[in-house]
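Peer 1: Construct the entire structure; sequences and hints are all you get.
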Amino acid sequence: MTGSALVAVIVPLLAGAVVWFTPDRMAGPVAFGALAIGGAGALALAIPVLLGDPVRAVDGLVALDALGAFVLLLTVVVTAIAAAGSPAYLAHEAALRPRDRARYWALLLWFVGGLLIIPLFDNLGLVWVAIEATTIVSALLVGFARTPAAIEAAWKYLILGSVGIGFALLGTLLAYASSIQLLGETSDALTWTRLMAVAPGLDPGLVRLAFVFALVGYGTKTGLAPFHTWLPDAHSQAPSPVSALLSGATLTVSLYALARFHLVAIGALGPAFSSTLLVVFGVLSLAVALPFIVAQGDIKRLLAYSSIEHMGLGAMALGFGGPIALAGLVLHLLAHALTKASLFIAGGGLVEHGRSRRIARLSGSLTLSPVDGRAFLGGALLLSGLPPSALFVSEIAILFGGFSVGWGVPAAIAAVLLALTVAGFLFHVGRMSFGAPRIRTKGPRIRAVGRPAPWRAVVLGAPLVAVMALGVWTPEPVATAIARVVAVLGGTGV
Amino acid sequence: MLIDMCAAGIVGLSVLLAVTRSIGRSIWLVAAQSALGALAAVGVGLTLGLGHLVVAGGLAFGAKVIVSPLILRAMLRSTSVSIERHPYVGPRLSLVAAIAIVFAASVATSDLALPASLGGARALPAAIAAMLTGLFLMMSRRKVLSLLIGLLVFENGLALAAFALTYGMPLVVELGILFDVLIVVIVGWVYSRRMLRVVGSLSTDDLRSLRG
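Order-wise, the sequence lines are chains A and B. According to the working numbering, the first sequence is numbered sequentially starting from 5. According to the working numbering, the second sequence is numbered sequentially starting from 10.
It is worth saying that the hints were derived from the structure and are not from the lab. There's no promise every hint is true.
What the hints assert, rightly or not - Each pair of labels, with its calculated beta carbon distance range:
1. A/362 x B/206: 23 to 33 Å
2. A/390 x B/218: 26 to 36 Å
3. A/284 x B/206: 38 to 48 Å
4. A/461 x B/148: 40 to 50 Å
5. B/218 x A/410: 38 to 48 Å
6. B/218 x A/60: 48 to 58 Å
7. A/204 x B/206: 52 to 62 Å
8. B/76 x A/37: 32 to 42 Å
9. B/205 x A/103: 16 to 26 Å
Positions of the beta carbon are idealized from the N, C-alpha and C atoms, including for glycine.
Peer 2: Here it is in structure tokens:
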């Protein structure tokens, strides 16, 4: 069972090579098939782990605990939204050449395949290798549109991403240097479960340095300020389904890698050192995102800066620790990924219909593109953490959890920053949704869009309904799963 | 002994790279730097009988001394720009900066209480210096080729750090890292071609539209 599920998870990686040479017409269906197999394999691995026992397949290489299973599940969900939104993107993107559709699907398969195997690795070195590889593959997708701005964003992403994550490699190396003294020079010395077992005996100086470099490296990939500068460019220039994956899945996966280092650091040094750093950089990210959200004129950059804000809050929650804040973190990551993925697809639709990214030019979106416009408005309200959104519950839990474990001042600052950010965010969304439609009489006419496919409402609406449902009701299995992830994050689970 | 000489060579080449404006010569220099890193790995691997170091060193030679420079030369041939004409920081100031980096790296690592069991620990200052010089190159140059060269210098520093701290990472991780280096260079190649077609140059000056 486990073996075949593991094989299924690597199907997207292998299928990418086939799809690259498939005719454009057939590439989509083949890719959907491969993604379905990979997703099914991932779910078959993740769900039993979330509700039952951890998997340990190839010793020292592959292992899946509740934390990894959660990240795997989240990646599958975001991938489903992104894949469902891809045909509409490919149909509307004007700059495509022959063969580009096949290449898009092949790159998407490699990107998703990389994301799916990251949480399966128990070896921190291999986690690094896989995260770097997904960075590079996704850089090809960021510049897919071939406009000068997209090429600029891709270069920035490639270079800043590689340098940033180079520091994470240095952190990994220092962790290895600290553990080979106890575990010997084997690949076991980078295995997270072994590292956790010997954490109290690790050299504190090396672990401290290792965490700092891991924070810079994976913090860059998570979009924590001040290492975030590539993020608004990459997330705004990428095709919308890719933006959904970048914001929903890649950022979470990077925070996941950082959490692994955080847990090793707690084991070796106690909670004070790494927690303080996470809280400081989290608050900084909230503070940096705020002015850019308030003064934003570009719809996709608005969403990108909002991701920096939410990841900052996530880093804070990780730093706070304690069962309440950590449960809030798990729910927050899930709800943010679902909402943001739907918002990027809907926002991409608005951009295609309005032929502009400028918020001012997209006004009247509720009238001009009813399906995407409604989804965008609904998603924005949910993302802002207004009840009954799950993000309301999660943000309250994170802040309250912070207060309850002695982080009152940062939690209070975060509450103020969040409130201001929501005001700025919703101001732009209101402008766009309820403003008078700008029917241009000169210049390029607004393209006759036609009715969107009926299932588009389902693709965009289902994640939002799920986020609303999670805000008012936590089914028993979900509560169990969250408790198990929290147990790993709190250092009490396996 | 071999490690010390290779580490010294790597630092020396970093400083040379900081003052070199010819991109063609920079490609040779960074290839030589990678070769020294691979030589150190193979040499120490053979002396101490560490098979994984020999394999990793050999593959690093193929990836970073043969394939990457070939791709960089191909990029160079496709453009008329062969000299980093107006870097943000001129050669003289770059020399000062590179030497300051070397000093800073040795001072910073002198406080670090490394376990004495690590034979190559003396190479750590050199590794940090190479990493920082790579970063400096990336910050001070305008051409995308120079950015990739800076990235490779940074990576050489990282590889030397891996070597100095632990005699290399586990083989499977080393292979992954080399794979990543190769695909970074290849994707950089893809984008430089795309950039030549769309923007018409390989200078980052023409990539300054995204703000705010």
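Peer 1: All hints are to be evaluated individually against the structure, with a verdict given for each.
Peer 2: Outcome of the hint check:
Checked against the hint of 23 to 33 Å, the C-beta distance between residue 362 of chain A and residue 206 of chain B comes to roughly 27 Å, which is consistent with it. With their beta carbons about 35 Å apart, residue 390 of chain A and residue 218 of chain B fall inside the hinted range of 26 to 36 Å. In this structure the supplied range 38 to 48 Å holds for residue 284 of chain A paired with residue 206 of chain B, their Cβ-Cβ distance being about 44 Å. Residue 461 of chain A and residue 148 of chain B have their C-beta atoms about 48 Å apart, which keeps the hinted 40 to 50 Å range intact.
Residue 218 of chain B and residue 410 of chain A have their C-beta atoms about 46 Å apart, which keeps the hinted 38 to 48 Å range intact. Between residue 218 of chain B and residue 60 of chain A the beta carbons are some 49 Å apart, a value that agrees with the proposed interval 48 to 58 Å. Against the hinted window of 52 to 62 Å, the Cβ-Cβ separation of residue 204 of chain A and residue 206 of chain B comes to about 57 Å, which satisfies the hint. For residue 76 of chain B and residue 37 of chain A, the hinted distance range of 32 to 42 Å is satisfied, since their beta carbons lie about 34 Å from each other.
Look at residue 205 of chain B against residue 103 of chain A: about 20 Å separates their beta carbons, and that is inside 16 to 26 Å.
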